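Novice: Sequence:
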Amino acid sequence: MPHSHPPVPAKLREMLRDYPDHIKSLQEALNSVSNRHMKSLPPFEDAVWKLEDCLDGFINDAQGELTAAQASGDAQSIATADEKFKLMFRARSGNGGMKGLHELYEYFKAAKEQH
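Counting in this note's numbering, the sequence shown runs from 4 upward without gaps.
By construction, these hints were calculated from the structure, which means they are not laboratory data. This structure is a prediction, so every number in the text was calculated from the model and none was measured. C-beta: ideal position from N, C-alpha, C; glycine also. Just to be clear, a hint being listed does not mean it is correct.
Claimed, not checked - Pair by pair, the computed Cβ-Cβ distance ranges are:
1) A74 - R16: 26 to 34 Å
2) A78 - A113: 45 to 53 Å
3) P10 - D64: 19 to 27 Å
4) G67 - Q117: 36 to 44 Å
5) D77 - E48: 39 to 47 Å
6) A82 - K102: 20 to 28 Å
7) Q73 - P45: 40 to 48 Å
As the list claims (entries may be wrong) - Here are the simulated DSS-like cross-link-like pairs (lysine-lysine), alpha carbons at most 30 Å apart as the crow flies:
8) K14 - K87
9) K89 - K27
10) K27 - K14
11) K87 - K27
12) K14 - K53
13) K53 - K89
14) K112 - K27
15) K53 - K87
16) K14 - K89
17) K14 - K115
18) K112 - K102
Work out the full structure: start from the sequences and follow the hints.
Specialist: Right, here's the structure in full:
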């Protein structure tokens, strides 16, 4: 039986384990799929788009942090910000965090079968 809300895919949870607020944001985005009133997209596709939108935001934020670190000239800040930016980019990648969406697909498949 499906959970009350779609789960954040395990691959993304693992990749972003050091960023609990990011995982929370992804979960809130997925929760909004379950709570949506306009159903113009199939739920799985809507969930994927919401994840992609969140991850795009994480990339933009990390890029801003990297730019600020580069402006500061602090090597440690630059290295930390660069690693975060690369991680967010990998999380958004179809070969990274967005690769393992099977469990999310199964969630929506099971939910559909119950209706």
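Novice: Would you mind marking each hint as holding or not holding in the structure?
Specialist: For each hint, the structure was consulted:
no.	hint	result
1	A74 - R16: 26 to 34 Å	32 Å, holds
2	A78 - A113: 45 to 53 Å	49 Å, holds
3	P10 - D64: 19 to 27 Å	23 Å, holds
4	G67 - Q117: 36 to 44 Å	42 Å, holds
5	D77 - E48: 39 to 47 Å	42 Å, holds
6	A82 - K102: 20 to 28 Å	26 Å, holds
7	Q73 - P45: 40 to 48 Å	42 Å, holds
8	K14 - K87	16 Å, holds
9	K89 - K27	20 Å, holds
10	K27 - K14	15 Å, holds
11	K87 - K27	17 Å, holds
12	K14 - K53	16 Å, holds
13	K53 - K89	20 Å, holds
14	K112 - K27	23 Å, holds
15	K53 - K87	21 Å, holds
16	K14 - K89	16 Å, holds
17	K14 - K115	24 Å, holds
18	K112 - K102	18 Å, holds
The structure shown violates none of the earlier numbered hints.
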